[in-house]
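Visitor: Here the protein sequences come in this chain order: A, B, C, D, E and F.
Count the first sequence with the working numbering and you get residues 1 to 244, in order.
Count the second sequence with the working numbering and you get residues 1 to 244, in order.
Count the third sequence with the working numbering and you get residues 1 to 244, in order.
Count the fourth sequence with the working numbering and you get residues 1 to 244, in order.
Count the fifth sequence with the working numbering and you get residues 1 to 244, in order.
Count the sixth sequence with the working numbering and you get residues 1 to 244, in order.
I should point out that these hints are in silico values taken from the structure, not numbers from a laboratory.
One should not assume that every hint holds.
A pair counts as met if it fits within one copy or between any two copies, since identical chains are not told apart.
The calculated lysine to any residue pairs, modelled on SDA-like cross-linking and capped at a C-alpha distance of 25 Å, are [stated by the list, open to error]:
| hint | residue 1 | residue 2 |
| --- | --- | --- |
| 1 | 80 | 233 |
| 2 | 80 | 196 |
| 3 | 82 | 111 |
| 4 | 105 | 151 |
| 5 | 80 | 70 |
| 6 | 80 | 239 |
| 7 | 80 | 145 |
| 8 | 54 | 2 |
| 9 | 54 | 44 |
| 10 | 82 | 150 |
| 11 | 80 | 7 |
| 12 | 80 | 31 |
| 13 | 82 | 109 |
| 14 | 54 | 182 |
As the structure is a computational prediction, the values presented were derived from the model and not from experiment.
Residues per chain are reported as follows:
6 protein chains.
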Amino acid sequence: MRPSGREAGQMRPIIIETGFSHHAEGSALIRVGGTEVLCTASVESRVPPFLRGKGSGWVTAEYGMLPRATHARGPREAAKGKQSGRTQEIQRLIGRSLRAVTDLKALGEICITLDCDVLNADGGTRCASITGAWVALRLALGKLVANRVLQRIPLTGQVAAVSCGLTNAGAVLDLDYAEDSAALADTNFVLSADHRIVEIQASAESAPFAEDAFNTLFALARKGAGELFEAQLTAVNVAEQCRT
Amino acid sequence: MRPSGREAGQMRPIIIETGFSHHAEGSALIRVGGTEVLCTASVESRVPPFLRGKGSGWVTAEYGMLPRATHARGPREAAKGKQSGRTQEIQRLIGRSLRAVTDLKALGEICITLDCDVLNADGGTRCASITGAWVALRLALGKLVANRVLQRIPLTGQVAAVSCGLTNAGAVLDLDYAEDSAALADTNFVLSADHRIVEIQASAESAPFAEDAFNTLFALARKGAGELFEAQLTAVNVAEQCRT
Amino acid sequence: MRPSGREAGQMRPIIIETGFSHHAEGSALIRVGGTEVLCTASVESRVPPFLRGKGSGWVTAEYGMLPRATHARGPREAAKGKQSGRTQEIQRLIGRSLRAVTDLKALGEICITLDCDVLNADGGTRCASITGAWVALRLALGKLVANRVLQRIPLTGQVAAVSCGLTNAGAVLDLDYAEDSAALADTNFVLSADHRIVEIQASAESAPFAEDAFNTLFALARKGAGELFEAQLTAVNVAEQCRT
Amino acid sequence: MRPSGREAGQMRPIIIETGFSHHAEGSALIRVGGTEVLCTASVESRVPPFLRGKGSGWVTAEYGMLPRATHARGPREAAKGKQSGRTQEIQRLIGRSLRAVTDLKALGEICITLDCDVLNADGGTRCASITGAWVALRLALGKLVANRVLQRIPLTGQVAAVSCGLTNAGAVLDLDYAEDSAALADTNFVLSADHRIVEIQASAESAPFAEDAFNTLFALARKGAGELFEAQLTAVNVAEQCRT
Amino acid sequence: MRPSGREAGQMRPIIIETGFSHHAEGSALIRVGGTEVLCTASVESRVPPFLRGKGSGWVTAEYGMLPRATHARGPREAAKGKQSGRTQEIQRLIGRSLRAVTDLKALGEICITLDCDVLNADGGTRCASITGAWVALRLALGKLVANRVLQRIPLTGQVAAVSCGLTNAGAVLDLDYAEDSAALADTNFVLSADHRIVEIQASAESAPFAEDAFNTLFALARKGAGELFEAQLTAVNVAEQCRT
Amino acid sequence: MRPSGREAGQMRPIIIETGFSHHAEGSALIRVGGTEVLCTASVESRVPPFLRGKGSGWVTAEYGMLPRATHARGPREAAKGKQSGRTQEIQRLIGRSLRAVTDLKALGEICITLDCDVLNADGGTRCASITGAWVALRLALGKLVANRVLQRIPLTGQVAAVSCGLTNAGAVLDLDYAEDSAALADTNFVLSADHRIVEIQASAESAPFAEDAFNTLFALARKGAGELFEAQLTAVNVAEQCRT
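Build the full structure now, drawing on both the sequences and the hints.
Guide: Below, the structure is given as structure tokens:
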């Protein structure tokens with residue numbers, strides 16, 4: 001009954017490839033079905049002005065979409081001369097999500113920028129960005145530990161995100177573009193591996209929806225997040241074993 | 001234990017004054033404690049390009065803050081030459097929230113712009129904006145019915161918003177600035193008067209938070225929203241009785 | 001014969017309310033008929049680069065209009081990404097006018113920003129801004145004296161502004177929007193209470209006008225300014241008596 | 001006693017050369033002492049949106065300054081990405097001044113753009129721009145008559161501008177840069193050849209100034225304008241005789 | 001003697017992968033050594049204004065670089081709010097180069113946009129973009145023929161580009177980043193497969209260089225282009241055989 | 001057979017007038033036929049950030065065109081809020097060309113900005129800009145030597161530029177606008193007086209062109225450059241003799 005034939009609680013295949021970027025301190029090319037996002041972590045020793053001299057680090061994010069990542073070509077934001085409200089909203093979300101699991105004090109005066117660029121889009125790009133960005137961040141931090149800049153990985157846990165929604169096929173997990181564009185309600189759950197909440201964004205699309213439905217969507221999200229946490233760990237392990 | 005001495009589940013005083021704007025088809029000056037937002041509804045017969053000729057209307061919102069609405073003067077966005085990501089995020093939220101209770105088909109090819117300008121800020125400006133914007137929208141629609149442009153008010157219900165958060169004083173309703181700037185988790189609930197969900201935004205500020213806490217905050221929000229729905233109805237009734 | 005039924009030399013009612021802004025060091029909500037402007041004075045200890053280390057202060061102004069202050073909604077300048085030529089011209093005028101009565105040396109390395117935001121517009125918004133800004137500035141300076149930052153109020157006098165114009169009803173004082181939009185000549189007089197000139201802006205609208213007419217308009221302006229100077233003093237006295 | 005040794009009421013030498021621009025329908029390179037402005041008039045058959053189909057024409061102006069027209073190189077506005085408030089104020093003034101002597105109805109649906117670009121600056125650039133722009137406009141209109149697009153020159157008279165100011169040497173005519181930058185009051189008079197007023201801009205620089213002083217400056221301006229009107233007529237006559 | 005150990009006339013390995021983009025009508029992911037560019041061709045039926053109704057098509061290009069494609073992270077152009085001069089220069093070059101081998105009349109009123117986004121940069125990104133863009137364009141045109149929108153491929157030939165330069169190791173082919181950043185002269189040759197010139201850009205880096213050196217570089221470029229033309233044909237053949 | 005009746009290898013008349021700019025340290029008003037460019041050299045003691053403290057100077061260029069320098073009025077870049085890709089490409093070219101003959105080490109921590117503003121355009125404006133900019137730069141450096149800021153002129157030679165192209169009349173030197181807008185190939189040669197190459201830009205306009213044609217164009221350029229080098233020297237000699 002879903003356009004893709006998936007079960008209500010079935011994620012699309014998740015593939016996280018590391019090392020795609022030649023220069024970034026950490027990188028992950030994450031594929032969730034037809035959605036593909038290149039996440040890179042760039043380490044700089046210069047923190048933003050409001051943090052200088054405070055002994056604390058920063059994690060921030062930028063998000064972009066290649067003009068033809070989508071079904072119809074969209075205008076290039078650099079050519080239009082500004083980032084859309086949607087882009088800014090997403091990159092603020094990614095930054096907040098990753099900071100919520102980072103020990104900024106332990107990081108010290110280092111700024112890590114997470115660039116999430118969508119190469120192919122089929123729904124759920126902000127969620128894939130968060131999930132992939134965690135891997136890129138984790139690998140960059142691993143390199144800082146390996147290079148003895150840090151003594152330990154300054155992360156308090158894992159964070160991943162998944163979208164759920166109310167569609168004609170009912171409450172479903174991990175919406176693709178066909179589902180997303182026709183959903184009655186659209187939710188993004190950013191969760192930590194220790195079963196806590198990092199961010200929830202729930203939006204009615206054309207009419208308010210019931211609390212029960214919200215609870216069903218939340219349960220689906222918890223299940224999906226579990227699979228994402230596993231895929232993250234596998235990707236990190238493979239990447240770090242290759243290196244040694 | 002709260003900086004203001006309020007109970008955990010106690011809203012700040014709510015005052016909604018109508019008719020402050022001389023020219024707008026509908027207007028509401030909403031005060032929630034020290035937060036004060038002027039909401040105006042402007043009716044235009046020209047819908048955005050993507051809706052032209054489709055027989056459907058549109059409701060959109062813009063948000064602004066006077067430079068000295070805040071403790072320290074902030075830069076004027078018009079002078080900086082762009083709206084911040086925060087501003088864009090808020091005005092998108094206001095627009096979605098009001099559209100969720102508007103029957104756009106019944107509105108016909110009319111566009112209503114809701115301008116929410118913060119005159120004094122003390123936390124919760126986006127929530128006050130949504131709550132006040134509903135009153136401005138309702139009054140503008142009432143005028144369209146009075147002028148026989150519309151046959152009935154094309155609203156499916158009431159919408160209001162309130163923030164809740166986890167603070168040192170525990171889970172509390174309707175955060176003021178002092179609480180907001182030190183909260184561990186910050187949530188905005190946009191709810192409809194028929195006990196459904198329009199939008200939920202929940203953000204961990206420095207560390208993920210538990211689901212139980214989220215449920216407590218949701219319960220507080222429901223209580224606060226009830227008071228807001230009443231204040232909205234009172235304001236509309238007073239305004240429409242004055243007119244007749 | 002004037003649309004409002006006023007005499008040629010009759011001002012609209014003037015009301016100056018202080019303390020509307022919760023956070024500003026000085027504020028005045030000035031109403032001149034249907035024109036309503038919120039003027040705030042913000043004190044900062046950081047002067048612009050060209051004055052640093054020179055022991056002199058600065059007074060500057062910014063002007064804005066809420067989108068629905070006018071009969072038809074105007075575009076929001078922050079959303080358009082730039083301030084119009086008209087806005088810039090007005091805020092430069094306000095700044096120059098207030099600096100002309102300020103002893104910048106006596107102010108010391110302090111910068112005061114006067115924000116003039118039009119909440120309701122019915123002609124004469126730049127003049128009301130100047131008149132109200134003087135009250136906001138005066139109150140902020142009074143607070144600096146009260147806080148012993150300054151020893152005396154570093155003002156050399158009062159400044160106020162009024163528009164006059166040639167209309168179908170002849171030379172008239174204090175144009176409202178209906179008169180302003182149809183005037184043959186439009187003049188703004190910024191005057192000091194000691195009968196001197198701060199700024200004059202006189203513009204023919206469709207054809208040059210005679211010197212005699214200019215002299216008549218100037219005489220009307222002197223009369224109107226007298227009423228404004230009184231209203232300013234009353235507002236300051238009320239505000240400062242309340243405080244003590 | 002003036003830095004240049006001129007008498008109080010003495011203009012700098014005025015030279016108006018026509019035909020400098022190869023392509024413009026009318027052009028005047030005006031030199032007033034060391035100030036040199038290239039004014040071109042460009043005729044287009046497309047009026048701005050608010051005039052379309054109304055049978056009326058438009059005259060508008062743009063102003064610019066070459067980066068090294070001044071003593072110290074200034075930033076290029078095209079590179080900075082915006083025109084300064086000063087530039088916009090000046091080009092609005094030039095446009096209004098020329099429209100005040102143009103019969104826009106008689107012009108018909110034609111738009112004439114006056115570009116005033118300062119090649120060398122030594123004070124009084126806005127006044128030289130207005131004076132030169134009138135010549136460019138007059139020549140372009142003459143060409144439209146010669147080409148039988150128009151039956152007569154749709155001008156109601158001549159317009160010219162001159163600055164006067166209060167300096168250490170007293171009230172003086174036609175300020176150069178050295179005088180302008182140290183003046184106590186700065187005034188620009190835009191006058192018509194039939195002794196009427198087009199625009200007056202008078203600004204106190206550091207303290208309000210007396211009405212008597214204003215009257216003295218006005219008298220000087222009338223004298224200076226007389227010389228400018230003559231120079232304009234001479235330039236037009238020379239240009240049109242050359243052509244025939 | 002070259003940093004990479006390559007011979008003077010040796011290209012880096014060339015790999016052109018097609019179909020990386022899920023939605024574009026044609027796409028090529030080209031790798032030349034460590035430089036990797038995703039080129040997509042997007043077909044739209046709307047030509048730019050200057051061509052409307054003229055029966056002719058258009059080919060245009062946009063170029064971008066992911067922030068961390070480079071050794072050190074560069075600012076995101078969308079965030080800065082404008083494309084650099086370098087970016088604009090490159091995308092204009094790509095567009096001109098591809099139009100030079102396209103029969104725009106035969107294309108009809110179709111616009112094809114070539115997006116070239118650098119995923120990894122190691123010198124020669126503009127050349128790789130042109131070479132890859134030809135493959136993307138060719139595949140998109142092949143699809144238009146397959147879909148019977150066009151009767152034949154409206155290309156007059158193949159175009160490819162390669163950089164050459166004068167380095168400490170003498171005149172060399174296909175500069176990588178290490179060579180490029182230290183070159184004495186830098187040239188880009190855009191050539192057609194029938195041995196003609198599409199574009200030449202030759203720049204002395206610190207001092208003028210001799211004509212003989214230019215001729216040597218040109219000869220190297222011809223050799224390198226031969227390899228690129230072959231790689232292009234192979235990629236197109238593989239892609240089109242897969243499809244059938 | 002050329003629209004102007006010139007021989008294939010015939011330059012337009014070259015006139016270089018110095019001292020047109022009153023304030024610039026060096027200036028040249030160069031006329032090549034109907035193309036007229038004002039080039040000024042401005043000396044500042046502040047180098048760009050990437051050079052500070054390195055003991056090396058900088059030469060940079062900015063290019064602009066007055067709106068009515070062209071047949072039809074073009075939009076003013078300052079009003080549009082950005083410089084076109086063409087403008088940026090040209091000013092980067094001018095800067096690179098002049099730096100190629102400047103000994104930046106010998107210049108010391110000085111920045112010279114070359115402003116090239118086109119007053120009248122008839123083809124070849126970028127070439128005239130380079131040729132004129134060299135004169136302005138040379139004169140400014142001469143003044144620095146005269147003022148004992150420098151001990152010798154830090155130039156390694158002369159640079160000049162000329163365009164050549166393939167037209168219906170064959171390969172021709174120094175294209176005017178009529179030729180340029182219809183050319184089959186358009187080339188710009190920036191050459192040094194010691195017969196070396198500074199920059200070559202060759203572009204096919206509608207179809208690739210043969211190498212033989214390129215060689216013919218190069219030979220024409222060498223001839224034209226010879227005349228430009230002579231005109232440059234004459235202008236410098238006249239200017240420096242006047243001064244002494």
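Visitor: Is it within, between, both or neither when you check residue 82 against residue 111 at 25 Å Cα-Cα?
Guide: This pair counts as both: shortest intra-copy Cα distance 24 Å, inter-copy 24 Å.
Visitor: How do residue 80 and residue 31 come out at 25 Å by Cα distance, when the copy is not named: within, between, both, or neither?
Guide: neither (28 Å within a copy, 28 Å between copies)
Visitor: Classify it for me, residue 105 with residue 151: is the Cα-Cα distance of at most 25 Å met within a copy, between copies, both or neither?
Guide: within (13 Å within a copy, 45 Å between copies)
Visitor: Under a CA distance limit of 25 Å, which applies to residue 82 and residue 150: within one copy, between copies, both, or neither?
Guide: neither (36 Å within a copy, 36 Å between copies)
Visitor: Can you tell me if residue 80 and residue 7 fall within 25 Å by alpha carbon in one copy, between copies, both or neither?
Guide: neither (40 Å within a copy, 43 Å between copies)
Visitor: For residue 54 vs residue 2, is the C-alpha pair at or below 25 Å within one copy, between two copies, both, or neither?
Guide: neither (51 Å within a copy, 28 Å between copies)
Visitor: Is it within, between, both, or neither for residue 80 and residue 239, if the alpha carbons may be no more than 25 Å apart?
Guide: Neither way: residue 80 and residue 239 sit 38 Å apart in one copy and 33 Å across, limit 25 Å.
Visitor: How do residue 54 and residue 44 come out at 25 Å by Cα distance, when the copy is not named: within, between, both, or neither?
Guide: Both, since 16 Å and 24 Å are each at most 25 Å.
Visitor: Is it within, between, both or neither when you check residue 80 against residue 233 at 25 Å Cα-Cα?
Guide: neither (38 Å within a copy, 35 Å between copies)
Visitor: From the Cα coordinates, with 25 Å as the cut-off, is the pair residue 82 and residue 109 best called within, between, both, or neither?
Guide: neither (29 Å within a copy, 29 Å between copies)
Visitor: Under a CA distance limit of 25 Å, which applies to residue 80 and residue 145: within one copy, between copies, both, or neither?
Guide: Classified as neither; 40 Å inside a copy, 32 Å across copies.
Visitor: Given a CA cutoff of 25 Å, do residue 80 and residue 70 count as a within-copy pair, a between-copy pair, both, or neither?
Guide: Answer is both; intra-copy 17 Å and inter-copy 23 Å each pass.
In summary, the structure is inconsistent with hints 1, 2, 6, 7, 8, 10, 11, 12 and 13 from the numbered list given earlier, while agreeing with the others.
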